[in-house]
Structure formats: structure tokens, C-alpha cells
Amino acid sequence: MTEAALSLKQRLNLSRFFSGEAPTAGPIVLTQRRVFILPTQRGLAFVLLILLLVLIGFVYNNNLAYLLGFLLASIFFVTILHSFKALAGLTIQPARQQAVFAGQAGPFRFQISNPGSQPRFAVDLTLQSELSISLAAEQSQTVTLYQPTRQRGWQLPGTLTLSSTYPLGLFRAWAPLRFDSPLLVYPKPASQQLPFPDSDGGQDKPGQNRRSGDEFYGLRAYQQGDAIRQIHWKTFAKGLGVHSKQYSGASSSELWLDYQQVPGHHTEERLSQLCRWVVDAEQTGLRYGLLLPGLRLPPDNGATHYRNCLQALALF
Amino acid sequence: MPFLPSMRLMLFMLGSIGLITLPHAWHIPPLLFGFFTLLLLWRLLCIWRPHYLPNRVVVFLLMLTGIGLLYSQQHSIFGRDAGTSLFVVALGLKMLEIHGRRDIYVIVYLAFIVAVTQFLYEESILMAVYILLVCGVLLATLITQNSQTPQTMAALKTSATIILQSLPLALVLFVLFPRLEAPHWSWLDDDTRAKSGLSNTLEPGSIAELSLSPELVFRVKFDGALPPPSQRYWRGPVYANTDGTSWRAPPVLGRENNPDQPVFTGATYDYTLMMEPQKQNWVFALEMPTEFGGGLRRNGLYQLITNKNPGDRAEYRLSSSPTYNTGGISKTERRENLQLPGKPSEKIVTLVKQLQGQPDRPELFIANLLQHFRQENFHYTLSPEAMPDQPIETFLFERRAGFCSHYATAFVYLLRVAEIPARVVGGYQGGQINEVGGFLEIRQADAHAWAEAWLDGRGWVRFDPTAAVAPERIERGVNVDLQIASGAVNFSPLQLDAKTLSWLQRGRQLWQSVDYNWQRWIINYDTVNQKAFLQSLGVDNFVKLGYWLLISVAGIGGVLAWRLLRPNLRRQDPALVLYRQFCAKLGKAGLRVEIGDGPQTVAERAKELRPDLAEAIERIAATYIRLRYQNDSKIEDLRVLKMLVTSFRV
Chain B
47 MTEAALSLKQ RLNLSRFFSG EAPTAGPIVL TQRRVFILPT QRGLAFVLLI LLLVLIGFVY
107 NNNLAYLLGF LLASIFFVTI LHSFKALAGL TIQPARQQAV FAGQAGPFRF QISNPGSQPR
167 FAVDLTLQSE LSISLAAEQS QTVTLYQPTR QRGWQLPGTL TLSSTYPLGL FRAWAPLRFD
227 SPLLVYPKPA SQQLPFPDSD GGQDKPGQNR RSGDEFYGLR AYQQGDAIRQ IHWKTFAKGL
287 GVHSKQYSGA SSSELWLDYQ QVPGHHTEER LSQLCRWVVD AEQTGLRYGL LLPGLRLPPD
347 NGATHYRNCL QALALF
Chain U
7 MPFLPSMRLM LFMLGSIGLI TLPHAWHIPP LLFGFFTLLL LWRLLCIWRP HYLPNRVVVF
67 LLMLTGIGLL YSQQHSIFGR DAGTSLFVVA LGLKMLEIHG RRDIYVIVYL AFIVAVTQFL
127 YEESILMAVY ILLVCGVLLA TLITQNSQTP QTMAALKTSA TIILQSLPLA LVLFVLFPRL
187 EAPHWSWLDD DTRAKSGLSN TLEPGSIAEL SLSPELVFRV KFDGALPPPS QRYWRGPVYA
247 NTDGTSWRAP PVLGRENNPD QPVFTGATYD YTLMMEPQKQ NWVFALEMPT EFGGGLRRNG
307 LYQLITNKNP GDRAEYRLSS SPTYNTGGIS KTERRENLQL PGKPSEKIVT LVKQLQGQPD
367 RPELFIANLL QHFRQENFHY TLSPEAMPDQ PIETFLFERR AGFCSHYATA FVYLLRVAEI
427 PARVVGGYQG GQINEVGGFL EIRQADAHAW AEAWLDGRGW VRFDPTAAVA PERIERGVNV
487 DLQIASGAVN FSPLQLDAKT LSWLQRGRQL WQSVDYNWQR WIINYDTVNQ KAFLQSLGVD
547 NFVKLGYWLL ISVAGIGGVL AWRLLRPNLR RQDPALVLYR QFCAKLGKAG LRVEIGDGPQ
607 TVAERAKELR PDLAEAIERI AATYIRLRYQ NDSKIEDLRV LKMLVTSFRV
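Chains as they are written, first to last, in this note's numbering: chain B, 47 to 362; chain U, 7 to 656.
These are computed hints drawn from the structure, not numbers from a lab.
Being a predicted model, the structure only gives us computed values, none of them experimental.
Ideal Cβ placement from N, Cα and C applies to all residues, glycine included.
Take the hints with a grain of salt, since some may be wrong.
Said to hold, decoys possible - Stretches of chain B that chain U covers, calculated by requiring three or more beta carbons in the stretch to come under 8 Å of a beta carbon on chain U: (1) 116-126; (2) 323-336.
Stated by the list, open to error - Covered stretches of chain U (chain B as the covering partner; in silico rule of three or more C-beta atoms under 8 Å from a C-beta of chain B): (3) 140-149; (4) 565-572.
Bound conformation, chain U alone (with noise of 0.2 Å):
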């Protein structure tokens, strides 16, 4: 007997597996995507077209084509996106051949697996709600499989309502289920996505194109009170070998297993950091970090650099002061941060004496250099004129208009001309507070660079030049909104007045702190994070997570069956009741009550079995006929009725 499914479910099916694959399309190569989509619409047509469905040789060579297919684009069937491309290829062909209802199970099951994939891409709360809706529609198509009368609202819903019922169970398991570490196997790696950020050297204008992205790069929350604004640095990597132009970091693997220890004083801040994706496996905590946990470490300039793999978020505890001296300087790291591409210009030393006062002094210059900057007519723009030859003494002597790193690199510069060691350190500073949340948030658009002078007694002290130039992007930070409604970021054609502006930005800070949870509490809940919240809980070895395992999941069953199957009875005529009790003690007479068999007829043979109750049962026909047949029945006589029933006897 051929397997006929029906338009419905053919429909519910195509069309579950269409949603299902559609945010796909952005991440399989689009030959593949192609074929599939190909292979879909041939499947949808031949709903009304059951003629045009492929014959075996036809699907042996489509099955052929899409092998082929999937070897010239993808060149293997391990890692996110072959094996996502592997499993549409499959779902596609699949769908050409069914031949009965196992295929239509194997269809969905292989569709579950392929709505799992888009995790590996997107893990938005979005995409999230959105899988969940699809796996709704799939879990209707298996319920029109299985039910004869299938309505398309009724199957939806009868879905909906077991996806309600089934997700508390969902998260208990999803908080209670042991996280472990997943060895990293390397051939499962295949993200070459490219991520906007930092980079290992810093060359004017590399942060110009930061500023103007509104990429998040991490969140903030902090456990009290927020460092005032002027504080908010947060310490990325340090800049200090220069040909002139850019700027490196140096090679500090020799001093990295031994950093001298800062010394702290003053209040600290505890705050939990929480990192988005990276290329870089840069943690970027404020200046300084005292403590940080397991899987970070320090190297040997105060970067805290992570273990884990920076493409995937992750949540750090830490805490940092803002007072700290990190005391001597050793002899290599002094030459280090004295060094220059080759002798300064005439121009250059005459300005270092200029400002130099006395010798050893370093305070001194410093303060004078900064005192130069602010009166000497230098400007801020984010967009300077590109300044490719000897971009210091360009800078100093003849635009005198740049940002942060121009800035932070002629500051160094003529601080190493003075035979101060110094460095430029790259990072953030400064970030959005998000009001609902209560956090910071922190952009590409907040990249900044400073510089750091060592001075005797006080160890690494940061300077900003920038900030004696333009004290308000210290102050208030680079506010993306701002910089959207003056154009210099632009993605929406709109002209946007003060008043939709503020409730763009109150809107999209209500969405960043559900984001913010959604990512902490969901995306980021790891095998760190649940020993801390298990351990809360009072659960701190396996025998005890599996009694609450077992308690929870008998606990939330039971209110479910509770739920479920309690007796659905509708309220039931209190007259049939009534009569129901006199059948049954007619039944204990021997009496055999036939479905069908009207009071009436109970009765007269009910008086033949036993003639001497005949009046008797005789009344209890009449009041029973009279209440549930007549228009004229009285309230009293459903107490006649239960006074004859309950005096009955047989």
C-alpha cells in the first residue's frame, strides 16, 4: 500500500523544515543552499504534483550531486559548518523520499538536528524564541501524524501547550545537568569569522575605525558603586617598541612567569566582566586588577590574558584598584621603554629641553608636556589628515590635530627622548551605563590609548594626554548615540529628533539588560558558574545534585499529572446522579440495565423482577421522568427524588 501523507502534514512539514533552514542561509555556502532550496520547492510542488516526485535512479543521482556538492564547498564533514551543511544536504534528499510514516520521523528528527546547528551561529535570545516557535511547528507535524481529525489551529496549540508543560523540566535539567569542560578538539574548528577589536600593534587611525563601531566588547556590573569616569580605564595591551610610525608590543615572555607584584592601597572594586566573542584572548579589566580567578593570568604588563577560547563569550569575577605601585624597573625593561626607532630630530630634542626644566624631574616635564599640549592650539578630531612620513613630528609641529594614539605616542615619544621609560597601553575607557540593567556597557567605539611613565618610587603612573586636550571623552565618554545622530555612525536613513533618540536609547538599554541576563544567565552558565550557583544552593557533591535531579523532576512531574489528568468530568445533572444509584441497586437485584433502555422500561421491568417494591419504583420513574423530561419540574422534587433513592432497598 503506498504511503499517501496528507496535504496538511506535507505542508506542516515543508514548511516546518523551510523556517527551520532560512537562517541558514547566511552561513552555508550558497551552491548548497541552493540545491536545497531547490530540492524544497520540488518537494512543496509535488503536493499538487505527486507525479514530478523523482524516481529511485533520480534521487540516487540528486543524492550524487549533492556529495559532489558538498565536497567542492566544503571539503569535509567535521566542524560547524560542514557538518550544518551535511545535515541540510541530507534533510533535502530526505525529503524527496518518503515512503512512509518512519520517514516522515526521520524528516523531523533530522530537522531537530538542523534547527540545533543555528546555535552554533547565533545565540541571541532571538534566535533562541525563534527555534523554539520552528521546533512548535515540527512537534504539530508529528502530532497530525498521529491524530485522524487533524486541525491545523488544534495540532498547533495541542504543541504549544506540551512545550509550555515541558519547559520547566527543561530549565531544572538545564541548571542541575553536570557542565564539563569539552576537551577543545582543533578539528572541530572552523570560525573564520573576522571580529573587530584591538590589535597587536597600534598604528594611528587603527582606533579611528573602532570608534566609529558600536560592536559591544564587554559588560560590566559592578557589586557597588561605580569608579567615577575619570577611573573607567580598562587595561588592554601595552604598546612599547616603535619604528616610528607603529607601535608593538614587546616580547615579554622572558619576565612573564615573574611580574613584580603591585602593591595596592585604597578601596578596591569587585565587579563581574563579562567578555563578548574576541580574535584576541585579551581580558580587559580596570586598572589595576588585584584578583582574578582561575583560567586568567597576568603577564608581565598587568594584561590579564585568558585560557579560554576568546571566540566563545565568557564571564570573569574580578576585582581592581585604582591606587596601586608596581614598584622597580628592571634593567631590560628600562631599555625597552627607553627605545627609540633612531636619533630624534633637531626639533624634536629642542622641544624636550624646552619643556624639561630640571633634570631628573621627570614630574616636572610631564606636567609642562601636558601643559603644552593644552595650550599649544592642539585639537581633538577622530578624522585627522593622514600624517604617513614621521608621523610625531607631523603631528607635534604642524597638524597638531589627532586623537587618542597620536596623542599617547608623541606623548611617549618625547618622554623617551627625556630618558623617561614609557609606553602606550591600548584598551577602553570610559562605557555606557545601562540604567535598567544597572551595568556598563563597553564598545569598539570606546577604544582608547594612554601612556604609562615609569617614575621612581611610584612605579607605572598612567598619564592621558588626551585628556588634557579634550577632558570631555574622558569625562563623558564617546556616546555611540550621539555619534549616530550627527552621522558619523549611520544605519538608519531616518532622521532621528532629541525626543525618539531618548526613547531609542531607553528601548535599546531595556534590551541590552535582557540581553546582559539572557547572556549571563543562559549563553554563559558554565561549569564555573554552576558549582558557584549550585554551591549557593547547598548542593556540593553528585549524590546531592542527584537527589535534587530526582525531587525536582518527581516534583514537577506530579503537578503536571496532577494537572494533566485530574478527572475532567463536566458537572453532571444531579437527577441522573441520582437515578445512576438507583440502576445500581437495581443491578444488585439482578436487574441488567441496557444501555439505550429508558426509565420507563427500567421500571416496568424492575416491577416484574420484584413486585413488591412496584410502588416504590414506581414514584422514583415518575419524579426522575418529571425532572429531566418535563418543563413544569420543581426544585422540591429533586428532594423527593433523593429521599425515594436513598430509602430504596433491594
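With the rest of the complex left out, here is chain B (with noise of 0.2 Å):
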């Protein structure tokens, strides 16, 4: 687990001490490169309390009180070792990211351990969110970050910073790490229910409805997720509310979300929408088929199935 050496240029990066180094895939050990310590605003008011001390001594010639001063100063000076003990040695690799939908806070999961034999105390992390842990030795924990998300596709954590001020709080010892384990943001489901789309599967071939086989059998009360083509539009022209027709036979749940029917007015619009439509059609349990230009997912069910669908819309 040895890191790439840095170039003086690089060591000297300013971002290097804020948002951390170039993101890597982790595991990362919290050696001296990545830890920083400086001192807190307590920090600064105990040197005024030591000098204070110290100028007590001096006026009274007292000389224990010059010792009790030396004793904080050499505590103070003692204390950087300790702090940067309280991070040193951690190991943080990020764990199995699991896909949201944009909009979602994105938890991005981190396992960090503790291999050394001295537990560690409130060792705070910061993405977005803040955690504040403790880590007996030699134990690991898995924590989960949120980060907010906006677009689909991939989106890297931000910088994850491991802080700690134990043991006294005069120091704040800080690591700025980033990684390489990206998060997989689905669209955003558009808001809007809109029946299912009519569609064909893009296999143009007219006068052969896909339902024709199908026997009618009945009406039932209109269902989220149901077909346009479905609605039986003379009870509703009656006032009796909106019914769907329903057929008999495997094929009448299969469904084709096609983008090049989707309405919208431009690709998010639509790629919105037919996210709605997968998680509609997931939950109501039909199998459904995506076409999206260059790419064909015949109609399936499932959870394999249904993450194909969003990762393909995520990334198109």
C-alpha cells in the first residue's frame, strides 16, 4: 500500500491541505504525508494562558510558576505527537457505493479501520454530512456519508476530511482524502404520473398490434402504470371514472418504454420520464423492455433488470 512519491511542487499544492490529493482508489493509510495539524483557536488561547503564567513567574520571581508554564508549554508541544496520533495509522477505503436517484442525498459508504492497538477517540468525518466516530483497536466500521446529488451519471464523493482535536483540543489534526469510488446517479423520476406509453418495441410493422391476440376479458379501476391504449374511454365519457381494459394472456403486462415516443422537451425531460415509467413498471410488476437510441433491453423483470435499465439511463 505505498503511495506515489510527491513531487516538491506537488507537497507544496495549497489544495493539497483542503480538499486533499488527487482521488485514488483507496486504501489509504493516514501517514504524516496525509495528516496535517495545526493548532486550534484553544490552542492559541492556551499559549496566552502560558506566556500569562510565564509573566507570573517573572514579575514574582516565582520560580515554580515559571515551571508550571514550562509544563504547559512543553504539554502544548507534546500534545502535536498526540494529535497526530489520534489519526495516524487509519486505514479508509471506500466500500460498495449504492446507485440513487439525482436529487437523493447520496450516501457514499467508507470502511475505515483501526489497526493499531489503541483505540481512537471522536474521530469526525466530514463530507457534506458529519459523523463523529470512535474506533476500538483493531476494529473496522463501515459509515455512510451523504453527499447531495443533482445530475444522473457518476458523481465522485467530495473531499472526505478525518478531523480529530484529541486529546486536549488545542490541535485539530485533518486529512483531506478523496477517492476514486464513484456513486451511480440515476435521473430523477419526473414528477408527473403519466400512463404507460403505447409503444411496439420498435419493431415497425403495421397492422400487427402486439395486442391483437390478447382476449379482452374485463374492466378493472385505472392503476398507476396502466397503458394509455388501456383506458376505456367510454366509461369515463359516462362519468364512471377511469377504467382500464384489461386482456388475458403473458404479453398484456409487456411494455416498451421507447425514448423516441417519450414526451419532453428535451433529453432530460424525457429520460425523467421514462425513469418514472421503470420504477412504475418495476413496482407494479410488468415486464418492460427499454429502447433508448443504440441500445436494446428486451422486456424482463427484476432487479437485474430494472438496474440495467436506470445505469442505462444514468449514462446515456
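Hints given; two lone chains; assemble the complex.
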């Protein structure tokens, strides 16, 4: 787990101290290269306290006051080492990420482990959300931190900052880390509930209606996900509410979602609608296929198919 | 979001505050200390009853009360006493007002300041240890604040570790940090403690009070052998003016600038003398001081005077020679030392004539006089009857019982009647040897008065009339422990037998020795000592001092860093180490091993990826699984695994 050496220029790059080095796949071991330490405000106030004690020692010619001042000064010094020790050796690596829809808080999962024989107290993890954990000796823990998602596609976690003010709060040790572990963000499902489209799966064969062979056997109240063609307009006109026609046969629940036939002004709107339909279709238990320019996913059902469809939409 | 400190944190904090202020109960006016205690108890109660916390208005009123009390008790905020009270009251008020983590820090920092003010009152080793322990609790408060799972013992242990790791560096800083003599600011003085000791006036009786006090006056460490007990006269004030009952130091100002230089013959004693805090700026050198360092001057009466604050403990390097000749006498001096309050009575003139023998033989008269004291049923006692009228005559002719000042004053009086210039010298005589530390401890009980007569050709010569009556007083000195045993001094209700006494004495000597070194090396480490010590190390300028500081800090820091930061890994299972090497090799081949993937899964995927290596992969996985998870693994398996992994190439 040795890391590539840094050139002097890279070492002194200011962004290294705040946003971290270039993303890596991990795991990252926190070493002196990764951990930075600066006094906190309380640490600076502590320095003032030390100066005051030494001043008292000087004014009153009191050696014990000097001694206490020097003791606090060297505690200050020694705390730098302890601050480093609070983070040093921790190993962080991204865990398997779970995809989300755009707009949701993106959960980024990391596995953090403490290989040392000393427990770690109050390690703060900051992405967009914050979390404070303690790790026992030789313990690993998986943490989930959230970061908002806006756009579909792959999204990298921002800078994950590990920090700690343990033990005395005089210094803050921090390590900004960037990981090359993208999260897949699906398009945001459209909020509008449109009926399913009536599509033939792109096999443009006139007169050959896919449902022609199916037998009509009744009506039922309109359910979310029913195709527009299935709506029984007559009952609707009579003011009896919206009903769908039901056909017998397996193919009746087979549905093609075609990019070309989606209403919408631009790509994102169309993808968003398709996404909605995929979600609805999977929920209703329909068999659905997806047609995107250059991609054809035959009708199917189930978690894997669902993921494949959403991924196709996300990466379109 | 309201800040709610955990109960443990509050207990830690209030506990340490209580400990830190406790010794101040003896220094702070009772009203102020009572006010503080009230605030502390109030805050303590609020841990369990948070709704009892005062609101802003009440806090403001309490603050006004505090200011009022401070003003009425101290009239100032400067100086040791007022400043200490100020910080204690501020600490008490701040406790009631904790809104955030920041306030915890303010309180802890205030507590550190209050801790340091203890040292302005007491610098004993016990107080230092006590404050160090309390500082440990204060640090533990901060640790509790900064760790999520604070356990009382763990926090205390961590703080103790930090303190122990910091001590070496603190000591180095202590030694090397330049000590500058602070100017003496009078507005900071408010030391009103009464100290006992010799005074400017000698009245028979005053030394008797001192002789019951075991209080330490000074300690002396000789470079070589100790002078014999009969030469251990520590010279203090000289009393030459008398009104018949009391004796005073003469106005010596006119001659101070030009005292006669005594001529010394014989060996000198070199020694270090450490004065305890005194009220007078007198330094009690062994008679007669030949050399003395800066900060000391010798007045016309051959008494050493320091220009340092006598309230501070101070150490001096001195040399003395017991054989000396002070030379001539001026007319003024002769007149001063023959002064009598009036015409002596007939009885006294008769006595002088009777003892004088031949005129112009002062030595003979003195010898006769001492003989007189020895033969004529004079007694030595520390508790003579009071002699308010004509004390000298009453003493000489009626009571004939007294102690050093009775003998010395009567002796000088008779010499003056016989026209021999004479005076009374005050100081200490003897001292007790601390066998552990090899130094002399001189206590108030060793206070003594003797006489000095000016003899032609010999200068001022010491005579001790007490020695004529009670030679054992001079040879053995005052044994404080014996006085304790006899009941003359009493601070223990127990009756002590000789064995306990000897144990007690040994323990006390050991403790005194520790204390002496503490005083010498820690409390009294000042500009002069530092300079001498650093010069002995070869550090004679600031640049060198800077290097020393830098090297020490870097050295100690390096050792600490190495101790603290060396990898703290437990010895790993060798099979696991080999397996990790194997995984790393697979990683190079493009196989990503996720956390949680078992060896079986890894092997399956590796075989898919590299069917050509399937056999080797299979064997490695099987051996590893046997080593890690099966009971029947053999030591050879490890060797096999090592061989397999080493020869595995992707």
C-alpha cells in the first residue's frame, strides 16, 4: 500500500491541505503525508495562558510559576504528537456504493479501520454531512456519509475530511482525502404520473398490433402504470371514472418504453419520464423493455433488469 | 442547540476547581472564599437539578455582589492577594455560565491561573506535587471534553501520560530559559505575614521566645569539613546602645562606607548559605566573613546585609575565617562602645574594682569576670523570672539565673564600667547537622547573644559569657528534638520514647534534606545560579543557549515521537501476511479483492480470470484455508504456503 511519491511542487500545492490529493481508489493509510496539524483557537488561547504564567513567574521571581508555565508549554508541544497519533495509521477505503436517484442525498460508504492497538476517540468525518466515531483497537467500521446529488451519471464523492481534536482540543489534526469511487446517480423520476406509452418495441410492422391476439376480458379501475391505450374511454365519458381494459395472456403486461416516443422537450425531461415509468413498471410487476438510441433492453422484470435499465438511463 | 455538558465532565471540572481553590482557604478573606464556595456548591447542585441554574439577571446580580465583596475586602485588583481573589471570584462566576464548549475552556484556563497563584503563597515540594496532581485532573477534564467515550480512569491515565511525557522538556526549559531579575514593583507587594526572628532591639527575654521555635532560619552546606561546634557563631546584628534595659544597634551610617578591613590568618571555610524568608535583610555569616558575592555588603559592624528582598528565599556563597584581627578603633566607635545609660551603682563599681586587679590589663579583667560567672553560682535557664527594674543589677546580685542575653548584656555592661569598649552581638550559635544531606540546619531555637570586646592589638574579640556558665549550650547546641521531648516545645500530644524519637529524627532529617535540595535547585534557581550552572556546562552566551535549547527540544521531541508513533501493530498471523501478498499479486493481474471476500470467492474469481494458473490458485487457497480455519493444520503447511506464494507469478 505504498503511495506514489510526490514532487516538491505537488507537496506544496495548497489544495492538498484542504481538498486533498488527486482521487485514488484507496485504501489510504493515514501517514505524515496525509495528516496535517494546526492549533485551534483554544490552542492559541492556551499559548496566551502559558505566556501569562511565565509573566507571573517573572514578576514575582517565582520559579514554580515558571515551572508550571514550562510544563504547560511542553504539554502543548507533546500534544502535537498526540494529535497526529489520533489519526495516524487509520486506513480508509471506499465500500461498495449504492446508486440513488438524482436529488436524493447520495450515500457514500467508507470502511475505516484502526489497525493499531490503541483505541481512537472522537474521529470526525466530514463529507457534506458530518459524523463522529470512535474506534476500538483493531476495529473496522463502515460509515455512510451523505452528499447531495443533482445530475444523473457517475458522481465522485467530494473531499472526505477526517479530523480530530483529541486529546486536549489544542490542535486539530485533519486529513483531506479524495476517493475514486463514484456513485451512480439515476435520473430524477418525473413527478408527473403519465400513463404508460403504447409502443411496439420498435418493430415497426403496421397492422400487427401486439395486443391483437389477446382477449379482452374485463375492466378494472385505472391503476398507476396502465397504458394509455388500455383506458376505456367510454366509461370515462359516462362519468363513471377511469377504467382500464384488461386483456388475457402474458403479453398483456409486456411494455416497451421507447425514448423516441416519450413526451418531453429535451433529453433530460424524456429520461426523467422514462425513469419514472421504469420505476412504476417494476413496482407494478410488469415486464418492460427499454429502447434508447443505440440500446435495446428486451422486456424483463426483476432487480437486475431494473438496475440495468436505470443505469442505461443514468449513463445515456 | 443548548449545550449540555455531560455529568462526568461537570464532576471532573467542579472537582478539580474545588481542589485547586482549597489551599486558598488560608489566603483569601473568609467572606470571599465563602462566596466562592457558595457558587461552587450551587453549580454542583445544578448537575442534578439543572433548573436551579441562575438566569442572566441573577448572574449579573451575583457578579455585582462579587465585585462589591472584592472591593470591600481588597480595595484593589493588583498585588498577590487581590489578584488571587479576583481570579477565584471570576472562576466562581464563570462556572454558573456555561453555554458552550468554549466556556469549559475559559474555566479550565482560569483554574490554571488560580493554580499558579498558590505558588505565590507556598513553594513547598508538597504544594508543587499537589498542584501537579490537580493539573492532571484539569487536563483530564479537557480529555473528557474531547473524546466521545470518556471513561474516568482512562481520561486520568491519558492526562498522567501526557504530563509525564512533558516533564523532561519542562525541566530542560526550566534550566535553560533565561532568568531575568524582575524589577521590584512595590504595588505588587502586600506581604504582611509576621515572621519571627532577631529584632533591632535586644531585650532580655526576646531570645527566650525564639529559643522555643523550631522554625528554620537558614541552612549551610560546607564545601569541606565543618567547623567545630565552638566556632559556629553566625553573626547577626550588633547592639551597642543601651538605656539600661534594652539594647539597640548604633547609628553606623557614617562609617559604613569605610569599615576597617579585618586581617585574616589561618584556614577559611567555604560554604553555601541559604536564608529562609526573613523580615530583616540580614545574612548570618559564620564569624568572620572574608569573602561574599554580589548583592551583599558588610556594614561597619561586620554584619552582612543583602539588597535582595528578605521575604524571598536566597542563597549565598560565602567564605569565613574564624581567626581575624579587626584592627584599630576610631574615637567615635570607642565612645559608642563605652556608652552607659547613667552612672553605675556602687555595687557594680565595687564588683568591677574587685575583679579588675591590675589596671590596663583588660584581658585579666575579662578572665576574672568569666571566672566570677563560673564560680559564683550563676545558672543557665531559659525561663528566668522577670527583672523589669535595673535588670543588670538584679541579675548580677539577686537572681543569678538567666540565658545568653542576660549574660551578654551584663558582661558588656561591666566591661564598659571598666572602660573596655564592648558590645553585644546577636545571631545564632550552633545548628543541627542533617546527616542525610550533610548540611547544618539553623533554627530560631539556636538564636544566641554573645559579647565582643575591643582589645588593643587584637581588635574586636568574641567572648561568650554563657559558655562560662553553660558550656554544653555552646558545644551541643539547642536540641530541638530534646526540647520537644522535654515538653518545652509541644506540637504533638503523644508522649514519645527515645526510639520513636530517633526514627522521627531520621525521617525529619531525610525530609529536610529533600526539602533543602528542592529549595536549592528548584525554588532558588535564579540568575546567579543559572549563570554558574550553565557556565559549568560551557554555555556562556545566548547563541550557545539557543543551540542547547534547540538540541534539547529536538532530542526530547525525537525520543517522544519515536516512542509514541512507532507502528503499534500486533504481531500478525504469518499465514495472513502470505495471503495478503497473494492478494496483492492478484491485484496486479487486475483482480479487485473486496473487503469481505472470502478466500474461496477470491480463488473462484481468480481462476475465472486466469484459468492458466488455476492449479496454483487452488492449492494456495486450500492451504491457506487449512492454516487459518482448520484444527489439523501442520507447521509444514506454512512452509508450503510460503513456497507457493513466493513462486506464484501472474
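How the hints compare with the structure:
no. : hint    : in the structure
1   : 116-126 : holds (count 9)
2   : 323-336 : violated (count 0)
3   : 140-149 : holds (count 4)
4   : 565-572 : holds (count 4)
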